[in-house]
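Peer 1: Listed below are the residues making up each chain.
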Amino acid sequence: MKKVNLWGWIFLLLLGGCISQGRLPSNHTGQTECLGDLFDGHIRVRAWGAGLTKPDAIQMAQKNAVSDLLFEGIRRGNPGCQQPPLMPGPNAYERHAAFFEHFFKDAGDYKKFTQVEKVTGFYRIAGSRQFVARVQLRMDKRGLHREMERLK
Amino acid sequence: MVCRVLWGLLLLLLQGPLYVSGQAKKPTIMVVPSDVWCNTNGFMQSFENQGKIQKISDYKRALQESADLIAAISKINELMAERGFPLKNLESALKSIEQEEAESAVLTSGTSGAELQETPLDKLKKVAQADIWIQLTWTVHQVGPKRSVTINLQGLDAYTDKQIAGSSGTSEPSFTAEIPVLLEEGILAHLDNFNAQLQTHFDDLFANGREIQLRIRVWNSFDGDLESIYADEELGILIEDWVYDNTVEHRFSTSTATETTMVFEQVRMPIYDERNRATDARRWSRGLQQYLMEKFQIQSKILTKGLGQATLIIGEK
Numbered sequence: 001m002k003k004v005n006l007w008g009w010i011f012l013l014l015l016g017g018c019i020s021q022g023r024l025p026s027n028h029t030g031q032t033e034c035l036g037d038l039f040d041g042h043i044r045v046r047a048w049g050a051g052l053t054k055p056d057a058i059q060m061a062q063k064n065a066v067s068d069l070l071f072e073g074i075r076r077g078n079p080g081c082q083q084p085p086l087m088p089g090p091n092a093y094e095r096h097a098a099f100f101e102h103f104f105k106d107a108g109d110y111k112k113f114t115q116v117e118k119v120t121g122f123y124r125i126a127g128s129r130q131f132v133a134r135v136q137l138r139m140d141k142r143g144l145h146r147e148m149e150r151l152k
Numbered sequence: 153m154v155c156r157v158l159w160g161l162l163l164l165l166l167q168g169p170l171y172v173s174g175q176a177k178k179p180t181i182m183v184v185p186s187d188v189w190c191n192t193n194g195f196m197q198s199f200e201n202q203g204k205i206q207k208i209s210d211y212k213r214a215l216q217e218s219a220d221l222i223a224a225i226s227k228i229n230e231l232m233a234e235r236g237f238p239l240k241n242l243e244s245a246l247k248s249i250e251q252e253e254a255e256s257a258v259l260t261s262g263t264s265g266a267e268l269q270e271t272p273l274d275k276l277k278k279v280a281q282a283d284i285w286i287q288l289t290w291t292v293h294q295v296g297p298k299r300s301v302t303i304n305l306q307g308l309d310a311y312t313d314k315q316i317a318g319s320s321g322t323s324e325p326s327f328t329a330e331i332p333v334l335l336e337e338g339i340l341a342h343l344d345n346f347n348a349q350l351q352t353h354f355d356d357l358f359a360n361g362r363e364i365q366l367r368i369r370v371w372n373s374f375d376g377d378l379e380s381i382y383a384d385e386e387l388g389i390l391i392e393d394w395v396y397d398n399t400v401e402h403r404f405s406t407s408t409a410t411e412t413t414m415v416f417e418q419v420r421m422p423i424y425d426e427r428n429r430a431t432d433a434r435r436w437s438r439g440l441q442q443y444l445m446e447k448f449q450i451q452s453k454i455l456t457k458g459l460g461q462a463t464l465i466i467g468e469k
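Those protein sequence lines, which keep their order, are chains Z and A. Just so we're aligned, residue 1 is where the first sequence starts under the numbering used here, counting upward by one. Just so we're aligned, residue 153 is where the second sequence starts under the numbering used here, counting upward by one.
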């Protein structure tokens with residue numbers, strides 16, 4: 001009887017570990033949020049990314065953050081640090097498609113402008129094998145702006 | 153992986169007796185690219201159908217030339233299989249047809265040479281023997297550096313070609329390059345609802361029978377017609393009585409009845425026979441053929457088009 005109880009507790013503890021990984025929160029939007037301006041040309045953001053592995057998901061979060069800052073702007077999060085797009089206007093990507101294709105490659109230059117501070121959560125989409133990562137990033141907004149100025 | 157195993161064990165412990173006692177049968181499905189997708193991507197072929205040129209999807213060439221299509225079909229197959237739906241493979245069915253092609257390109261009567269032509273699609277349906285065809289369409293959109301996919305699934309009853317389920321969705325823009333991942337993102341939120349529609353239709357087939365069409369014709373060489381008297385009754389009436397006795401809830405509709413032609417539509421035949429084998433229009437109408445032979449010594453020939461249409465021609469084999 002004691003042995004059965006012990007195995008039962010081990011089973012429940014392991015299951016508890018599975019629960020904490022969690023399903024995607026219902027308020028997840030996938031959009032990058034500004035957490036604060038660091039006043040040294042850097043900003044702190046929270047970004048989301050999805051991938052078949054956890055490292056892939058983190059990498060996607062970095063790409064999404066850079067893409068959002070370049071083309072969409074960052075309009076969610078702390079009202080004091082919301083950012084307009086660094087490459088505004090229609091077809092901003094298409095005008096420099098060759099550059100951005102290279103820029104956003106897995107080992108591309110986008111990495112120079114983001115730094116992972118911490119991963120604040122991994123989630124699963126119901127029915128999918130993909131991980132979704134919520135990542136806190138430090139972004140070199142000034143450096144990215146200078147890089148884009150060279151394109152114009 | 154470990155978590156999935158643990159959850160699975162827990163569910164099995166809780167539902168074990170229920171699981172063992174029986175589950176609803178699920179329809180077999182086959183995923184194919186839609187006509188729209190094939191036309192957009194240049195995978196069409198011409199087919200002569202009774203003197204008219206018809207354009208139909210060229211599945212074989214599409215599978216040979218589009219890696220994206222194979223990946224997309226595999227992904228949908230995987231998602232459906234995970235939800236317990238038996239699958240039929242398009243590629244295997246096409247290969248089976250190639251092997252049979254030399255033997256029976258055109259069906260003819262053994263005695264007087266009449267013919268009933270089937271399209272390549274009809275042949276594919278007969279070979280694949282899937283209950284439901286899922287037609288797949290997807291379009292890739294470029295959104296800045298990201299891509300998104302709009303996916304559309306249509307579930308068609310393989311016997312009647314009627315649409316019995318539908319679903320569409322668009323994935324979030326993503327840096328992901330792989331079509332299967334984008335497709336999964338696009339359809340996952342809607343897939344369970346789509347499957348519920350498929351299952352509802354299949355449950356209806358169990359309860360009310362599968363819908364087919366039966367046509368009765370008469371060879372010129374037959375000595376008589378559907379108004380000839382057998383056992384004090386017109387042959388056409390005797391045939392109608394047989395259909396009444398052999399349909400689920402006696403459901404059918406006689407849309408045409410002349411001395412040489414009868415057409416029964418919305419005929420509801422049992423989905424499985426007494427030996428629990430899946431029934432199609434040919435197997436079901438064989439019962440009528442045997443009845444006419446045994447009772448009245450009338451020979452007949454069965455011709456079929458796809459799974460859901462049978463023509464019984466009276467007079468000779």
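One should not assume that every hint holds.
[To be verified] When the alpha-carbon atoms are kept at most 16 Å apart in a straight line, the in silico EDC-like pairs for lysine to aspartate or glutamate are as follows:
id : chain 1 : residue 1 : chain 2 : residue 2
1  : A       : 298       : Z       : 94
2  : A       : 298       : Z       : 140
3  : A       : 298       : Z       : 37
4  : Z       : 105       : A       : 330
5  : A       : 212       : A       : 243
FYI, nobody ran anything at the bench for these hints, they're computed from the structure. Just so we're clear, the structure is a prediction, and the values are computed from it rather than from any experiment.
Peer 1: Confirm or reject each hint.
Peer 2: These are the hints, each one checked on the structure:
no.	hint	in the structure
1	298(A) - 94(Z)	holds (11 Å)
2	298(A) - 140(Z)	violated (21 Å)
3	298(A) - 37(Z)	violated (26 Å)
4	105(Z) - 330(A)	holds (14 Å)
5	212(A) - 243(A)	holds (8 Å)
Against the hints set out earlier in the document, violations occur for numbers 2 and 3.
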